[in-house]
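Enquirer: Read off the chains here:
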Amino acid sequence: MPEDIEPKEESLFEAPPLAEQERMCEAILFASTEPVTIKEMNARMPHGCDAAEALVHLRKRYEGRGVRVVRVGDAWAMRTAPDLGFLMQKEMVETRKLSRAAIETLAIIAYHQPVTRAEIEEIRGVSVSRGTVDQLLEMEWIRFGRRRMTPGRPVTFVVTSEFLDHFGLESARDLPGLKELRSAGLLENRPPPGTMPLSSKEDEDEEKMAGQSEMFEE
Amino acid sequence: MPEDIEPKEESLFEAPPLAEQERMCEAILFASTEPVTIKEMNARMPHGCDAAEALVHLRKRYEGRGVRVVRVGDAWAMRTAPDLGFLMQKEMVETRKLSRAAIETLAIIAYHQPVTRAEIEEIRGVSVSRGTVDQLLEMEWIRFGRRRMTPGRPVTFVVTSEFLDHFGLESARDLPGLKELRSAGLLENRPPPGTMPLSSKEDEDEEKMAGQSEMFEE
Amino acid sequence: MADEDFEETREISVAERLAAEALIVDVDGFEGPLDLLLTLSRTQKVDLRKISILELAKQYLAFVEKAKRLRIELAADYLVMAAWLAFLKSRLLLPPDPTEEGPSGEELAAHLAFQLERLQAMRDAAAKLMARDRQGRDFFVRGIPEDVTRVRKVHYSATLLDLMQGYARIRTRDEFRPFVMDRDSVFTMEEALDRMRGLIGFAGTWTDILNYLPVGWESDPKKRRSATAATFAASLQLVKEGHVEIRQDDVFTPIELRRKDEGYA
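Chains as they are written, first to last, in this note's numbering: chain A, 88 to 305; chain B, 88 to 305; chain C, 83 to 347.
Some hints here could point you the wrong way.
Said to hold, decoys possible - Sample of chain C residues at the chain B side, in silico, Cβ under 10 Å:
#, residue
1, ALA213
2, VAL233
3, ASP244
Just so you know, the hints here were simulated from the structure itself, not pulled from any lab data.
We treat Cβ as the ideally placed atom computed from N, Cα and C, and that holds for glycine.
For reference, chain A alone in the conformation it holds in the complex (with noise of 0.2 Å):
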């Protein structure tokens, strides 16, 4: 094991060239069925490599190729390309069949998060039955954000980075439709007429946005 692996030790070698780095990240990324960060491939790299620039190179050589190099959350990842789904039969999962409700309660989570149970009910106008939270939960596709701070505290969804790695996103901004929906106010939260907008109510409000932007925004 060379020393210069351990990246807070000072080296006293020069960090290997930029060929070389791309074909560590390469190899790195090659050997991973789950994404992976920078900050690991940095650290498992030797020291002194940079895995952001190596990628950018890694990125571009694999572009229209059978395999692309792709984006997920923070991580990256390899992917056999989307137009040769037809090939893989073979490597086909049966993805668990979803009901109408999980897909919609999938849908409101991503388009809203974080959101609390009581805001997909009042988008849904149905009570969200736990089977469906627990679902979501269980295929990783859905977690537990941070509980909002508004009387009762309720706990929030936010979706996963494989959530994102499932449907092929790059980050929860690259859902479809996003800016249109959110410029014709269908992501807002209205309370309805009538109901005196409270304090707590508003806070709410404007902490989930904050929530929202932070979870979209870089």
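Fit chains B and C to the known structure of chain A by using the hints.
Expert: Leaving out everything else, chains B and C in the frame of chain A:
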């Protein structure tokens, strides 16, 4: 699903260009859970494809890269380049304090070398576990010395140059004697005054120094 | 109220009534009143933004009425919605009463329209999401992943100080023993006082207090130490009582004492 996936049927379509076939091979090899034969590749690729030829090109493309196309029996697979195997390890360095038993054993070896296990036990007053000695040997802080010319010809232990390096000593003779330790206040628990006959203590030190110098002379 | 509603159902076209009947048969397929309202709104064949909420309310109430006539049990939330829509309808139809508090019919209708539009938007978004290229269906992960082995390297550390302390600990261990009072080599202050009171009369000049040590206690270091301490303590007691004077020229020089005569004071 394109119709031309059925390999037996006569296709009205021409075989895809070779570059496209190469992409297909690449995707199949990447995603397959086991090595794939040419025959199987041909069966999965559209009618008219020549997986063998596509593979030649694909193999060339990956020459010198972080990933290689390799033959496994009569099948093909992709593997990370062997020289990058070190990237597949995540090293975690954990710093632990040496145990008290190990420190004491090490100290006895340093002050009394060459010393047999029986002698170490006599000085420590307890038996020395195999693990403790093994640990010190593994750390390369001690090594075996010459066998003692006494019945049973027991092995002796001496400290190594790595030991001296680690502790910043030029030689084991630089280790301070008991008297110096005492005057430097390094004795954790001073015996109650008066309980120590001065003369005997001096004798002891003298004896020790004599023994030590004798031991260090080649 | 019921009569009025009944009257109004007659105004609804035959086509709508047929549609409503089809809905009733399918009532289990709806996910609550909002879902049903969204389906009903499609019969208006207009953009959701231009939907007539008044019309929609009428459609819904007709649906509930029909279900009642067909003796179909509707869940409570459908009836709650019916009551609310009846209220909304009356608000929308009657001229606004300025004395009345609360939101206007238009505001309530606008909010319902918003809810319907938002639900529809989420359904469209969900459909778009599910239609994306998906992992395991359209694109695939590495089939033969290589395990990243976690190498745990333990680095043991010890300092020279640890080493020396360890050694010192072993070499001095035999010298320790539990603390016990060695009565036979302890000279108490009371004994020293007794002894000194007897001798003090002869101390006309400055004398080293060590001269007052009892006979036989000078050579053994343990005894000497105890006797010295006791004698010193006794001397201080005698000073306090006003019998003697005590002095020391410098640090670590002999401590001397002499009898305190009234004449000298």
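Enquirer: Each hint needs a verdict: does it hold in this structure or not?
Expert: Tested hints:
1. For ALA213(C), the interface hint is violated, since its Cβ never comes within 10 Å of a Cβ in chain B; the closest pair sits about 16 Å apart.
2. Hint status for VAL233(C): holds, given a least beta-carbon distance of 5 Å to chain B, under 10 Å.
3. Below 10 Å, beta-carbon pairs count as interface contacts, and ASP244(C) has one with chain B at about 5 Å; its hint therefore holds.
Checked against the numbered hints given earlier, this structure breaks only hint 1.
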